[in-house]
Every structure is written in structure tokens, then in C-alpha cells.
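Student: The residues making up each chain are set out below.
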Amino acid sequence: MSSPILRLVAQRVLLGLVLLLAVSVLIFAGTQILPGDVAQAILGQSATPEALANLREQLGLNDPAWLRYVHWLWGILHGDFGTAQSSGLDIATSIGTRLKNTLFLATCAAVVAVPLAIVLGLIAVRYRNGFVDKLISGLALASTSFPEFFIGYVLIFVFAVHWQIFPSISTVDDSTPFLERLQAVVLPATALTLVVLAHMMRMTRAAILNVMQSAYIETAELKGLKAFDIIRKHAFPNAIAPVVNVVMLNLAYLIVGVVVVEVIFVYPGMGQYLVDHVAKRDVPVVQAVGLIFAAVYITLNIVADIAAIVANPRLRHPK
Amino acid sequence: MSNELDYLSRRVAAGKLSRRDFLGRAAALGVAATVANSLLSNAVRAAGPVKGGTLKAGLQGGESTNSLDPATFLSQVPFAFGKCWGETLVELAPGGGVEYLIAEEIGSSDDAKTWTMKIRKGVQFHNGKEVTPDDVVATLKRHSDEKSKSGALGVLKSIDTIKADGGNVVVTLKDPNADMPYLMADYHLIIQPNGGMDKPDAGIGTGPYKVTTNQPGVKHGGERFANYWQADKYGHADQVEIVVVNDPTARMAALQGGQVNMINRVEPKIVDLVKRLPGVTIRAASGRGFYPFNMFCDTAPFDNNDLRMALKLAMDREEMLTKILRGYGEVGNDMPVNKAYPLFAGDFEQRKFDPEKAAAAYKKSGHSGSILLRTSDVAFPGAVDAAQLYQQSCAKAGIKIEIKREPGDGYWTEVWNKQPFSLSYWGGRPTQDQMYSTAYLSTADWNDTRWKRPDFDKMVLAARGELDEAKRKKIYRDMGEIMRDEGGLIVPFFNQFVDATGKGVEGWVDNPAQELSNGHALIECWLQA
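Read top to bottom, the protein sequences are chains A and B.
If you read the first sequence in the numbering used here, its first letter stands for residue 1, the second for the next number, and so on.
If you read the second sequence in the numbering used here, its first letter stands for residue 1, the second for the next number, and so on.
No wet-lab data here; the hints were simulated from the structure.
Since this is a predicted model, take the numbers as computed values, not measurements.
In this text, a Cβ means the ideal position worked out from N, Cα and C, and glycines have one as well.
A couple of the hints might just be wrong.
Computed beta-carbon distance windows for the label pairs [said to hold, decoys possible]:
#1 127(B) - 50(A): 26 to 36 Å
#2 160(B) - 164(A): 31 to 41 Å
#3 90(A) - 118(B): 34 to 44 Å
#4 258(B) - 145(A): 27 to 37 Å
#5 48(B) - 49(A): 52 to 62 Å
#6 89(A) - 258(B): 29 to 39 Å
Computed, partial: chain B to chain A, Cβ under 7 Å [as the list claims (entries may be wrong)]:
#7 61
#8 64
#9 65
#10 67
#11 219
#12 221
#13 223
#14 226
#15 243
#16 245
#17 249
#18 253
#19 254
#20 259
#21 371
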């Protein structure tokens, strides 16, 4: 690896960190602007002035906002997210389990969805504007157009109620063995796959078709290469950057945006955890989850950027 | 023929014949399925509970913010799990009245101000310690302390002193209250070692199941407590499990797929479809909850009793019941109590839809122009439809209703108890006194009909301190009458708790106090093979 590419990568990572810091300021500021204060929220109706004062002191709410921000950030850098106000549990521990579950489900869905979407995209390009292309696009668009809960219900009805081969309740915990875990997420992962498939497939198709207009593809065709080889060897490598971007966007969605699927399949992931705590105005948890989601988005975007850089031969082989 | 059926039903109870085979043979003998089914459940009940297995419930109403501290209980899952691992002094019995648990008996002084509760001996906590009167005192003190933020605080406010006295706990009240034993049945008041002062969310109680799994908002589990004091009555399954399933369709699917044995909150609109499914039994119990249309009695135009009466007469209760609740409820009678309450007089005249009388009363009231009714989805399931039905039945009496649909967010802070005519719900209370005291005293915070009548207040207090049941019943009858004819609430119906059980779940007892047989379903049911 040569220096310009390293420099570019380092630059991206650094930019990502700065961005994350900026997001943390935004999250902190956002939760400060919320009406009412935390002590009031904890004590609720039974708040007496003395109790309020005591609790404010105890929580350090009398310090200026910037000092509280620094304390908060310092804690997070040491892995300390504080404790949830509603249940008194340690946030880092609760999030640890939930995040693991979310990542597991997202991984399972991604392992199926990403290769499937790309292969389908390649096939669609090979038989472009023909019956196969139309069929693939039609099915993928249809599955995306159905709302997630509808797909979930249909899967439950067919596989859990009618045939009873997969469980409709996907509750897992730390003690669940790997194979059981895998069986538990089959239905939610399928639902998610169907939801994200079309976006990636269509993007793959469009990006490759774009490249297919180039002169060198024509050359390859004139050389007498097989249609599929042209797509695989010549077109696809040059279409990677936009495809990776869309893939990353969908991966981020799989991690931060699956609350509906979690609810339907009763899967203990981050989404439900966040929604419950927003409803209870449990600010420390909302801040922590917000920051983690932001980190996921930023990381995946950096990965996409880096992949685009690495995939670009002009950057890989500088003169 | 009946001998053969008896024999067969006993075989089923003994587990030697399947339920399906039994029903098949019963049909062959020319017996209707319903008769055969009831024969069967009698035999099963007579054969007694079957021990063993894991009983699972898929329930709505659990969040990842839940805690095992009984003071914080609010939703259905902590409530139902609390009944598995903990016990209160007394419980609300299915037929009204109280069932004695940790308290063996409760007696009062003649003025109903000093109450003595005899604490049962030999009841063990899960940590091996025996329950002492001191534990009970500590529990009551913790919940009556403002700092505990206990959901039972309001109930305990009337308590003046709490003391242990030998094997008894003596409680004195600020004002006489003949319903004191019912107050102790509040589900927050689970007796904990040293009242839970040391570790409120330890999950150690005297219930039939020890806490083994506690993942708030996901699942809760318990295993049978070997030293439970009434093992013949409760705690038949080896393990119990509650899975939080907040989505109604997913809940029903889990029951059908056999992943859980029981679920709560079956939506009225699907009940008719679901009850035909093989293996699924609908458990509908009439309760004390109701869905009122509230009018402010001190705000124009509702300060006119003729107008209030016109609006009451223009309510088609039967139609509401069939269309909104699909029949899973009972028609209301414009008072906040019904036959599910102890000391309820059953001889009230039922108010009926009468457009002519309504029109006459409306004319007499002298009101003209439309009347604004506020509603929202969150008031109760079907509240918007209910408002529209009401608009139509009012139109038949020549009364014009204008409906304003309010956003769900903020309905309980901005509309309910703030606006003069709106839809709402009440979950009901264990006794008439608690219901009237919560919402129909001049001084009540939640007086959501602005019902301010000194004479009525006096009746509430008189009934509360009256130990003679016949006299109390008479006062409650008079109060109901006044409420129905002059009060500010229109009650179309009382709703039922609609739960469902899957194959082989036996031992269910309908209880009007709360859903899931007052939360007892997991501890009182068993799995029949």
C-alpha cells in the first residue's frame, strides 16, 4: 500500500471521529432542551421542593452544562454509560446484550441479503429488459413495497401457525445455544431480507448498466467474451463504489431501523429498548443509544468511503 | 349412555384418552359438543390439578423499563409476574369478598378505625425466612412513604399508624373505613422480607414460584418454590414463563403455534374468528372497567340536568355494545359501578335508548346549537367509532353533536379532566367506596365529571364508615340512583377482560377484579395432557 491511500483512509477515520464528537454534542444539547428537568422526571407527581433539590445535587444537575457534558463524555470513553433512571440497571450491561442481539440479526439478514441482491442484480443485467430481469425486479420491488409488518405476519402465518416449522416468537438470551438462536431468527431475518433486497438489487443493476455503456465493454464484447464474463470481470469491479454505498446504507438500516420487525417477532434488540425508554423520558439511555446508532452510521459510511477509495485503481496505483 | 360418558371423561382426566377422541365418541353417542365439553371439564376439575410441565404466557404490557420492585408496578406483565413470586395479605376472591393469604383473618374495632390483621404462621419467603409481623409492617411503611413512589400510595394515605403486636399487625386509620381489607389486596403490596427496604427489586416473596429469569420487556420466568404454603391450591406447573408480546397479531399467532399456553387482551374484533380455532378457548370475564362519556356538571351547557338527561337517553347502549365491543361486555346504566362490585344492589331500572323522551328533555333544557364531543383513539379501543355512533343516535333525537378528534399524545393531560365533554376509560376499583372516592367526591383530583355535591360526599363517607352491610348496601343503592339520574357520566358499557388459552390448559377461574383471572392464571392453571 502506498502513502496517498493510507493518508486518505486516515483522513476519513479522523473525520469520522470529529463527526461523532459533533453528534455527541448535538445529542447532549438536544436532551437538555427537552422541557422539564431530569430530577422532575424521576420524582414525578410526588416531587417536593426538598426532594428535588437533593436529587439535583445528587445527579450533579447544578453544574454548568459544559461540565456535565465533559463528565458524560469522559464516562462513555471509559465504557460507563451511567444507570437507567427507570429501572436502575447499568446501561452498558443492558445495551451490551441488546446490541449483540441486534448485530446477530443484522448479520444473519445481511449474509443472505447482500450476496443475493448482488447476484440477482448481475443476473438482471445479463438478461436486461428481458423476462428474467422484469421478474426479478418485479418480485424485489413487490417485497419492498409491502410494509414490514405485513411481510412479518405472512411469514408467521405460513411458517409458524400453519406449518409450525419455525417459532413466531424469537426471544433469545445469553444462554441460547447458537443453533437455536439461528432457528429463532430465521423468520425475522427473512422479513428483513425481503425488505432490503430490492434497494441493493436495483442499485447493482443500475450501476453496472451505467458502466455497460463504456467503450471498453464494447471492446470486450468484440473480443468475443461471454456476456456474463464481461459483467463479472469488466463491469462489476468498476461499479463497486455505488453498490457498496447502498449496501452500507442498508446495513445501517438493519441495525438501527428494525423496531417494527423486533416488535412483531418479539426479538430483544436495540429498537424496542430505545422506544421503551423514550416513552419513559429516560434520558441517559436515550443519549447512549443515540450515540451508538450515530457511531454505527458513521462507521459504516467510513467503510463505504474507504471501499470506494480502495476499489479505485487510480488511487490504488498512483503514477 | 351417561355412564359410558362418565367413564370416558374420567379416562380423559386420568390422561388415558385424548380430548379429541373423547369428543368424537361423545358425538357418536349423540351428545352435543358443548355438553360433552362441560362434562369433560367437570371430570378434569374433579380429578384435580396435574403437576408438572412449563406453563407459558404471552402477554401485552411489558417494557424494558420494568423493575421487580412492586412499588413500581404499573403494566400487566409486572402485575402478572408479581402474582407468581409474591403474595399480598389478602386477594380479591373471584366471587367478590376477600381471600386470605398472608393475613389469616382481619378484624376491626366497632368504629372501623382500628384494624387487627392476624399474620399466618409458617409462611416462608424464598430465602428460607418465615414471614413475621415485622416484615408486614415494614412493607406497609415502605409503600406509605412518599419517597417509595409506590403505586399503592394513594390507597395507603388513609393510614395513621402501623404497628406489630405479637402475632398481629394493627393498623389505625385517620377516618373510619369498612373496606380496609380490600385496600390490602392492592397488587403493589407484596409482602417482602423487611418490607423490601434493603433491596426493593430482589424479587423475593412468598409466592409459589421463585424468580429465575428477569429480563424486563423480554421475558420473566420462575420455578416452583418447594416450601410454598398452599401447594395444593396454587403452583401446579414446574415452571412458569411470561414472554412479552406487545403486538396483538403476534400474540395470537404464538398461541396458535403452541409457543405459549395463554395470552391476554384478545381484540374484540377478532374474537369471533379466533374462537372457532381448534384448541383455542376464549376466557371472557366481566369486569369493573367501563368507558364513560364524561360531562362537566358545573360547566355550561352541561350544568343543566335536563340536557344531561337528554344526552343519556340518546345513547343506544345495545348498539354500542354490539358494534364496539362485539358483545364482550355488559350495557352500562350511567353509574360507575356494576354487579361485579360487592354490595351492589341488582334492582336498578335499566336506562334505555329513547329518542322521544330524549327529544322532550332536550327541548325542556332550552339548549340549542351543536354540542362539542372530544374523542381520541387512546380513550379506549374504538372510541372514535363510538363517538360517531353516538352522533347518529343523538341525531335521531334531534340533538346535534359535533365530534372533535384529538391527538392521542397529550389526550390525558390536555383533554381528559380538562374539557367539558369527552370520552375516557376507568379500570374500576375493588370496592364501590374506592370508585366513588377516586372520581366522584367534590375534593377528588380525578373528579372528571365535576360532580360536586356535598350531600353525595356525606353519603360516601357514611357508607365508608358503616360496618352494617345491609345499611351500607342501602346507601350505595341510593348513591347509584342519584348518579344515574343526575350525574355527569354516560356509561354505554362495561367491558370484559378477554383472554385466551391454548390446548390442555385447565383450572381457569373467571375473576372480575383483573385480566388473566386477576393475574392468577399462571399459578392456578395446569396442563392437561
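Student: Please name the hints from earlier in the document that this structure breaks, with their numbers sorted from lowest to highest.
Tutor: 2, 7, 12, 13, 14, 21
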